[in-house]
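Engineer: Chains D and U, in that order, are what the protein sequence lines are.
22 is the number that the working numbering gives to position 22 of the first sequence; each next residue is one higher, with no gaps.
399 is the number that the working numbering gives to position 399 of the second sequence; each next residue is one higher, with no gaps.
Calculated directly from the structure, the hints in this document are not laboratory data.
Heads up, some of the hints might be wrong.
[Stated by the list, open to error] A few chain U residues facing chain D, derived, Cβ under 7 Å:
| id | residue |
| --- | --- |
| 1 | R43 |
| 2 | D79 |
| 3 | F115 |
| 4 | W409 |
Ideal Cβ placement from N, Cα and C applies to all residues, glycine included.
There are 2 protein chains.
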Amino acid sequence: MARSVESRTPRARQTAPVKSQAATSSAAATTTGATPPEGVDGRRRVVVESPTPCVDGGAFAAKRTLGERVEVEADVFTDGHDLVACRVLYRPTGEPAWREVPMRPLTNDRFRGSFVADALGRWEFTVEGWIDAFGSWRRDLAKRDAAKQVTEADLEVGARLVRAAATRAANEPDGDADARALDGLARDLGRGELPGRVALALDSRLKQLVERHPDRAFATRHRPLPLVVDPVQARFSSWYEMFPRSASSEPGRHGTFRDVVARLDYIAAMGFDVLYLPPIHPIGTTARKGRNNAKAAAPDDVGSPWAIGGAAGGHDAIEPALGTLDDFRALVREAERRGIRIALDLAFQCSPDHPWIREHPEWFRHRPDGTIQHAENPPKKYEDIVPFDFECKEWRALWAALAGVVEHWIAQGVTIFRVDNPHTKAFPFWEWLIAAVRARHPEVFFLAEAFTRPKVMYRLAKIGFSQSYNYFPWRMGKRELTEYLTEVTRPPVAEHFRANLWPNTPDILTEQLQHGGRTTFVQRLVLAATLGASYGIYGPPFELMEATPREPGSEEYLDSEKYQLRHWDLSDGTKPGARESLAELIGRINRIRRENPALQHDRGLAFHSIDNEALLCFSKVAPQGTDDADPIVVVVNLDPAHAHGGWLDLDLAKLGVGDPDGGTRADANTAPRAVQAHDLLTDSRFLWHSGRNYVSLDPRSIPAAIFRLRRRVRSEVDFDYFL
Amino acid sequence: MARSVESRTPRARQTAPVKSQAATSSAAATTTGATPPEGVDGRRRVVVESPTPCVDGGAFAAKRTLGERVEVEADVFTDGHDLVACRVLYRPTGEPAWREVPMRPLTNDRFRGSFVADALGRWEFTVEGWIDAFGSWRRDLAKRDAAKQVTEADLEVGARLVRAAATRAANEPDGDADARALDGLARDLGRGELPGRVALALDSRLKQLVERHPDRAFATRHRPLPLVVDPVQARFSSWYEMFPRSASSEPGRHGTFRDVVARLDYIAAMGFDVLYLPPIHPIGTTARKGRNNAKAAAPDDVGSPWAIGGAAGGHDAIEPALGTLDDFRALVREAERRGIRIALDLAFQCSPDHPWIREHPEWFRHRPDGTIQHAENPPKKYEDIVPFDFECKEWRALWAALAGVVEHWIAQGVTIFRVDNPHTKAFPFWEWLIAAVRARHPEVFFLAEAFTRPKVMYRLAKIGFSQSYNYFPWRMGKRELTEYLTEVTRPPVAEHFRANLWPNTPDILTEQLQHGGRTTFVQRLVLAATLGASYGIYGPPFELMEATPREPGSEEYLDSEKYQLRHWDLSDGTKPGARESLAELIGRINRIRRENPALQHDRGLAFHSIDNEALLCFSKVAPQGTDDADPIVVVVNLDPAHAHGGWLDLDLAKLGVGDPDGGTRADANTAPRAVQAHDLLTDSRFLWHSGRNYVSLDPRSIPAAIFRLRRRVRSEVDFDYFL
């Protein structure tokens, strides 16, 4: 609707959403009412609410990875019947100007727009909405026209809106052509026969022209929300953990970085892209632990790599038995050549022999008798570990020193850090450290190893950890797996938490693996590697299916590499006495992950109904627009003791494949309108129709299937039918 | 654990939660690492997250009512194993000092504390958490003691903590006695036999003393969250709407305020405490609507009260046919004497004859030909209504004038306003108006009549409306009612939205009421009056069960009072030709509401499983600690055509009544351990056991039961058994 005076106002300026204001009386008020205060513009009628992605109202950055399309949504509405228009404003933090992209309406006042996160590091985005006066007028004109009620005045109102758009265009760089076109159209709206003018008014070309020059004088802009763009590997990574000390080809000899280099082809053949090493620093001798965590070490016991620091140095030094700094750099280079990144373990604690104990006693707690306070969780004592005192007066110097350690290893080419028990160090420290490091090195990211209470785990993710260990090792049954994986792959958790799924670690040999046999190792491997875009195994114990605990009821490995050297025969049963290995299967699974983008994202995870409690079924899809991204459907038999079959309820249309009404056997020789389900583990192929399809899995052969759903059935390919 | 240097720091100061900081390098750094910036205190290890009650992260005030106990919760945790302690800080906004109350742990790092909101208006609260060093030491000492590991050093650590508490106490007003006691206890901790000292350390008296003087030097305080404390009536109110124009005792004569005064005893006898009147202002003549919304009025048609403004004035004037300002004041007084508040209708729009059209043309939109733009929703036109232009240049003067209108009626004694279609006026206006008015008059509150899209309705509640109309009239079936009432009585919605349940309004005669007969009116009345702590009816059409629509398929009343005078015979069938009335039943139901605090709160609503789709069952409980507040269980037969029975699954223990294992028939003559269910509508009494109990309802007698569950069965009372 036209106003009595045309306004030519500059483009929308940033403003905070309207807050409640206390009343202030003013002598200028014409009545006993109060006057609205300065700083509030009552003409900003549009509301912008509930933008996503969002973590704790914007207190923390939501997470995406490089190259991902970021879908932004918000509720945008106003009073009355006017239409609104809105855009996403976004930019890498620090860029002076906002980039913009239009949003389109979903339902119920929600709008969506998107942009591609094409640079690492911190970004910010927001949503701006304004009244779409022209769009509202146009919609109303169509209704008036349908009711044969259009008047001259109605068209004049529209002409004024078009002229106003022309004025705005004229004031913009490169807007002159549009301004002239709009002026011309405004004139045409004002003359001639009514039907022609109405047609012109409703013409989409006019709409598009006007939409290029919206009146954002009274726009409402939400406050900006932060986003952090992580490297792709933060989302999609396949981790292999090993102890260098056990990498020697000779039993009994301490392994070195050069031995690890010799292991690289084996690891690369299995298809891993991250090699994670426990701490590589000098190990203390005072109170050193013996084999199987014995309180006292025998003279040749190697101790725990987490008891960091000795005569050879501390966190920026290397355990001499492993090699030199040059050896380490060579390892990083050789790994890189095979597409593998080295991940180091940051364990911010000291052995009693760490140089800092002597050089910086102020960084540690001391007992009243002056002796240093070692780690403990009464009544348990860990005399080989001394924790830092994050409440000490010299906390700034401590923070700086720890940051220096991280910078040192980044300078050696390390871009991934697995952090040991971050929940036992102050949260403000991690928040600052990760931000400071990533401001300079946005390609670096951190994995939190915090097996603790859920809110603590989620807090660590919010304050900057790009990946997190989680409860996966202990989620074994159908309902537990469904509930937990749903929790961590949906907002709000998924906006800040990325679960890296590990079936085993040096500290975790689950009872399930202890008793379950080969088929259980395979089951857990498939679950981890398909439920999780990022997963890891602690090898060689995993691929060699090591299953002996230190004692019954314990989750510790017997003769753990944490406390002694081991020697692993990786020859997969080719040598006499050697054990069978899952290495080849792992290789196949990692290849399936690399070749199927659907498995490289967690947000596209959904669970499906199958009428057998022992069978778990879920699907993964890649974001829309991803090339060569067929959906993946995984079925896992969770029962290691029995074969199971069941009817799977799969909505093929929802997965974006096949044809809702499928084909029948009679149609088989014509192009069937169904979808081919290709089990990538066994290379079997099945034809699935929408509705229920039967699957069965025998743990004696393989307890899982990873189906790729082909969008088109090509008749030249052999396939099997299920009845 | 002791630090090497004792610190005597002042009490906790307010600080913002730690934010992420970009790295800043500093020449003072001893390594290549960055230095933490000023303004971040890394020693603040405690995290305070997710406080409630909270609306949009604190952007809007959560709502409570005067005298309610406000339960505050938050997640409070830290790194490692240290215990945390926390308090709620709260105060009416503007008070200089915070009041404090301790919080107790729930599970999973969540804590709860509470305070009583004992003044109207704006409050603020927050949560502050700190390391409980003494509590941690004490807990660890108990574990060491159980493992027989206590050493001198352990006790010395504790003694130092106690001495530090003594120092803090000495620095507080009135803390000298505690300081002396603590010093003494610290000395005793340091000498004598170990067992005695351990016992002293674990003694609860020492714990309580130390807890009075916590070390909050490094406390974390969350940012404050706003709360608004409304009058009790904002939560619990029983509304009666009537048209004064139809209140005359003589058919055909225009009713007056004096006639309304004469109606007050009738309304009070029914038990209502709010009398809501449609707009009482002069009605325009230009384009006046005729009977049944005819486009043109006949000469004696009275027009719509929502077409406000004429020769006699505008929004601060009174329609002369109703009486004078003195008459209105007298009505307010007479109502007040009967415990009834008058609620006025704020309809911020004008008839074409409103004085402001002439005096302030700048407040309205004009068409290109200069004529005023009346309301329309193309192709519908409302020529008797002219909306304000909230985008006009003189919006501030417009806001001030509208605020002046509200102040004028407040000065006449009005404290409740029902706002007509607030969603067609600018949201920033309401946000400012309501805050400005309530800053001066916190006892005033506003009801939003916005039957529109959900996000718009919720936004209006957030920006200040204390009650809201809602979708209740159209929620008829068991699942709809359960889902919708659950949505609006739980967080997040319930923190800002209070649903006032109306089975009918002058604009809404639902098809259900049109066809359902008396039993449906009773059903909808019971649902509204028990599901809603606040409810209302539009009478006399409701109690006289008026059910004729203007035409089939319409929700408009035939011959609606909106457009003509009516005359209602309220004699309840005592006069010949008079209709039956529900007035007596309404009175009984309102008395049940007044006598049962459980029905005066919405947060205590829960639905229960009953194995008959036609039977809806729900319970209400009052907040813990409310006197004489037995739980209420309501069962409603939603089928007006058939009697229905079903087995109700009620967890009596969860409702706080009875005994989980109930009694058996054999025990009947001893005191049965079960609960008496007293149907307050029929005065029937039943004995219910935990587990399943049978209920049945016949719509031909009464389609609902309102059971009060008596906590003890008194043997002197007669009761019926169900088998």
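Engineer: Holds or violated: is the Cβ of R43 (chain U) closer than 7 Å to a Cβ in chain D?
Structural biologist: Given a least distance of 5 Å, the restraint on R43 (chain U) holds.
Engineer: Are W409 (chain U) and chain D close enough, Cβ to Cβ, to be under 7 Å, as the hint says?
Structural biologist: violated, 11 Å
Engineer: Can you verify the interface hint for F115 (chain U): is its Cβ closer than 7 Å to any Cβ in chain D?
Structural biologist: Hint on F115 (chain U): violated, closest Cβ of chain D at ~22 Å, above 7 Å.
Engineer: A closest beta-carbon separation below 7 Å is what the hint needs, so does D79 (chain U) meet it against chain D?
Structural biologist: holds, 5 Å
Against the hints set out earlier in the document, violations occur for numbers 3, 4.
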